[in-house]
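> Heads up: the protein sequence lines correspond to chains A and B, in order.
The opening position of the first sequence corresponds to residue 1 in my numbering, with each subsequent residue numbered one higher.
The opening position of the second sequence corresponds to residue 119 in my numbering, with each subsequent residue numbered one higher.
No lab work stands behind these hints, which were simulated from the structure alone.
Yeah, the Cβ is synthetic: ideal placement off N, Cα and C, and Gly gets one too.
Watch out, some of these pointers could steer you wrong.
[To be verified] Calculated from the model, a selection of chain B residues having no Cβ within reach of chain A, i.e. all distances over 10 Å:
hint: 1; residue: Thr138
hint: 2; residue: Ser146
hint: 3; residue: Ser169
hint: 4; residue: Glu171
hint: 5; residue: Leu179
hint: 6; residue: Thr182
hint: 7; residue: Thr185
hint: 8; residue: Lys187
hint: 9; residue: Lys188
hint: 10; residue: Ser189
hint: 11; residue: Leu193
hint: 12; residue: Asp201
hint: 13; residue: Ala203
[What the hints assert, rightly or not] Taking lysine to any residue pairs in the SDA-like style, the calculated list, with each CA pair at most 20 Å apart, reads:
hint: 14; chain 1: B; residue 1: Lys216; chain 2: A; residue 2: Thr44
hint: 15; chain 1: B; residue 1: Lys216; chain 2: A; residue 2: Gly60
hint: 16; chain 1: B; residue 1: Lys144; chain 2: B; residue 2: Lys188
hint: 17; chain 1: B; residue 1: Lys174; chain 2: B; residue 2: Asp184
hint: 18; chain 1: A; residue 1: Lys65; chain 2: A; residue 2: Arg114
hint: 19; chain 1: A; residue 1: Lys65; chain 2: A; residue 2: Asn50
hint: 20; chain 1: A; residue 1: Lys7; chain 2: B; residue 2: Ser157
hint: 21; chain 1: B; residue 1: Lys188; chain 2: B; residue 2: Glu123
hint: 22; chain 1: B; residue 1: Lys216; chain 2: A; residue 2: Met31
hint: 23; chain 1: B; residue 1: Lys216; chain 2: A; residue 2: Thr48
hint: 24; chain 1: A; residue 1: Lys7; chain 2: B; residue 2: Arg159
hint: 25; chain 1: B; residue 1: Lys216; chain 2: A; residue 2: Leu45
hint: 26; chain 1: B; residue 1: Lys144; chain 2: B; residue 2: Ser169
hint: 27; chain 1: B; residue 1: Lys216; chain 2: A; residue 2: Val62
hint: 28; chain 1: A; residue 1: Lys7; chain 2: B; residue 2: Val162
[Claimed, not checked] Covered by chain A, per the in silico footprint, the following chain B stretches (three or more residues, Cβ under 8 Å):
hint: 29; segment: 152-163
hint: 30; segment: 217-225
If you want the building blocks of each chain, they are given just below.
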Amino acid sequence: SAVISQKPSRDICQRGTSLTIQCQVDSQVTMMFWYRQQPGQSLTLIATANQGSEATYESGFVIDKFPISRPNLTFSTLTVSNMSPEDSSIYLCSVAPGVSYGQNYGYTFGSGTRLTVV
Amino acid sequence: SQQGEEDPQALSIQEGENATMNCSYKTSINNLQWYRQNSGRGLVHLILIRSNEREKHSGRLRVTLDTSKKSSSLLITASRAADTASYFCATVFTGGFKTIFGAGTRLFVKA
Numbered sequence: 001s002a003v004i005s006q007k008p009s010r011d012i013c014q015r016g017t018s019l020t021i022q023c024q025v026d027s028q029v030t031m032m033f034w035y036r037q038q039p040g041q042s043l044t045l046i047a048t049a050n051q052g053s054e055a056t057y058e059s060g061f062v063i064d065k066f067p068i069s070r071p072n073l074t075f076s077t078l079t080v081s082n083m084s085p086e087d088s089s090i091y092l093c094s095v096a097p098g099v100s101y102g103q104n105y106g107y108t109f110g111s112g113t114r115l116t117v118v
Numbered sequence: 119s120q121q122g123e124e125d126p127q128a129l130s131i132q133e134g135e136n137a138t139m140n141c142s143y144k145t146s147i148n149n150l151q152w153y154r155q156n157s158g159r160g161l162v163h164l165i166l167i168r169s170n171e172r173e174k175h176s177g178r179l180r181v182t183l184d185t186s187k188k189s190s191s192l193l194i195t196a197s198r199a200a201d202t203a204s205y206f207c208a209t210v211f212t213g214g215f216k217t218i219f220g221a222g223t224r225l226f227v228k229a
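With the rest of the complex left out, here is chain B (with noise of 0.2 Å):
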């Protein structure tokens, strides 16, 4: 499958800790983007690294690409109960616009 593969599947943490989450790939990519899902709602997109870029930030996000492993990850610093959701990483190919989402991790922020 050239689907992302994400870690962990479920992350439970108290309000104030730092959150992270991995994601990797099998194919080249042109860029690798972060999104959240409320409840089974609409996701929406948080962070966008292109493939060179290696970090990249936007609030108390925190996004890290290594294109040598495949591999990306996502921080979420001093984490809030209002933080709780699905978080999936997307993987735009090299060359087009096909994107492929990956499985993505709950995360719980426990107040």
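Chain A with its partners taken away, still in its complex shape (with noise of 0.2 Å):
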């Protein structure tokens, strides 16, 4: 299976500024997947990653607030824009072996980037 490493793995950021994560892929994949998971919550995903064309963004979440790039098949970067405490979160990348198929066997995850605004 894929392994993703991810950047940072936490990080404490004034509230107003922004904050870039990246997640680099040991192999090429077609779609990258981003997710939050607020405090003791489940996951929810914020948009999917094709590489090429713009991303796609699940209800509640805008590009202008989580930009999201992929320059190539074993690269993205979201960045979290603007920050607020609210914004306060583990984001995870993922990939789906598969899913261009239309089929999803399992994600595999980044280790996940703790962010805490103040």
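From these two lone chains plus the hints, build me the complex, please.
Structure below.
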């Protein structure tokens, strides 16, 4: 299965600033997924990132707040912009083999970025 | 909400005991997956059960699926302190790959 390197692992940021999270995959993947996990909660999908096209955002998430880049098939970034304390969460990137064929056989996740906004 | 629901929310057991977690969902699924998360880190995929399967085993894990009741259970036998983690079910909708994660069960295994 794929191995994902996610950086940073944690950060404490001032409100109003932005943080960019990076994910590097050791193999080429068509789709990458970005999730948010608020404290003590489950995972919520932010957006799906395809190489060479705009990311697809889920309801409640907008590109101005969470811009995503996908410059190639092994790398993606998620930026959390103009942060407020409500953005304090764990952010996770993931890939799922077989998704490009319309099947989900299981996600591989990065190790997560624990963001605290003060 | 289409989100899966899990119970119990938290479970505390002694090492060596079995732990059972349940997951219910609301829509037709292609498959159901279970994940483990240690201390707020990335999730680790444990096991996948397809909608036409009723039971699946992997080591000390046993998963059952009852599509008529729209529910699944994860049994961890002979639990160890290292099993302490949060466990999430994830349902994959029929016809696609969209996945909904349940709220999770926090398992604490006392040595």
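> Look at each hint and say if it fits the structure.
We went through each hint and held it up to the structure:
1. Thr138: 19 Å, holds
2. Ser146: 14 Å, holds
3. Ser169: Holds: least Cβ distance 12 Å, greater than 10 Å.
4. Glu171: Holds: least Cβ distance 13 Å, greater than 10 Å.
5. Leu179: Leucine 179/B clear of chain A: closest Cβ-Cβ about 14 Å, beyond 10 Å.
6. Thr182: Fine: 18 Å to the nearest Cβ keeps threonine 182/B off the interface.
7. Thr185: 17 Å, holds
8. Lys187: Lysine 187/B is indeed farther than 10 Å from all Cβ atoms of chain A, at 21 Å.
9. Lys188: At roughly 18 Å from the nearest Cβ of chain A, lysine 188/B sits farther out than 10 Å, so the non-interface label holds.
10. Ser189: 17 Å, holds
11. Leu193: 19 Å, holds
12. Asp201: 19 Å, holds
13. Ala203: Per Cβ check, alanine 203/B is outside 10 Å of chain A; nearest 14 Å; holds.
14. Lys216/B to Thr44/A: Between lysine 216/B and threonine 44/A the Cα gap is close to 11 Å, so the pair holds against 20 Å.
15. Lys216/B to Gly60/A: 16 Å, holds
16. Lys144/B to Lys188/B: 7 Å, holds
17. Lys174/B to Asp184/B: It holds: about 12 Å lies between the C-alpha atoms, which stays within 20 Å.
18. Lys65/A to Arg114/A: 18 Å, holds
19. Lys65/A to Asn50/A: Holds - the C-alpha atoms of asparagine 50/A and lysine 65/A are around 18 Å apart, at most 20 Å.
20. Lys7/A to Ser157/B: Holds - the C-alpha atoms of serine 157/B and lysine 7/A are around 17 Å apart, at most 20 Å.
21. Lys188/B to Glu123/B: OK: lysine 188/B and glutamate 123/B at ~11 Å, within 20 Å.
22. Lys216/B to Met31/A: Distance ~12 Å between lysine 216/B and methionine 31/A Cα, so the pair holds.
23. Lys216/B to Thr48/A: Holds: lysine 216/B and threonine 48/A sit about 10 Å apart, inside 20 Å.
24. Lys7/A to Arg159/B: Judged against 20 Å, a Cα distance of about 12 Å means the pair holds.
25. Lys216/B to Leu45/A: Satisfied, since the Cα-Cα distance of roughly 9 Å is no more than 20 Å.
26. Lys144/B to Ser169/B: 14 Å, holds
27. Lys216/B to Val62/A: Between lysine 216/B and valine 62/A the Cα gap is close to 19 Å, so the pair holds against 20 Å.
28. Lys7/A to Val162/B: At roughly 18 Å apart (the allowed maximum being 20 Å), valine 162/B and lysine 7/A satisfy the hint.
29. 152-163: That given contact holds, which follows from 7 residues of the segment 152-163 of chain B lying within Cβ reach (below 8 Å) of chain A.
30. 217-225: holds (count 5)
Figure legend: structure checked against the earlier numbered hints; every hint is met.
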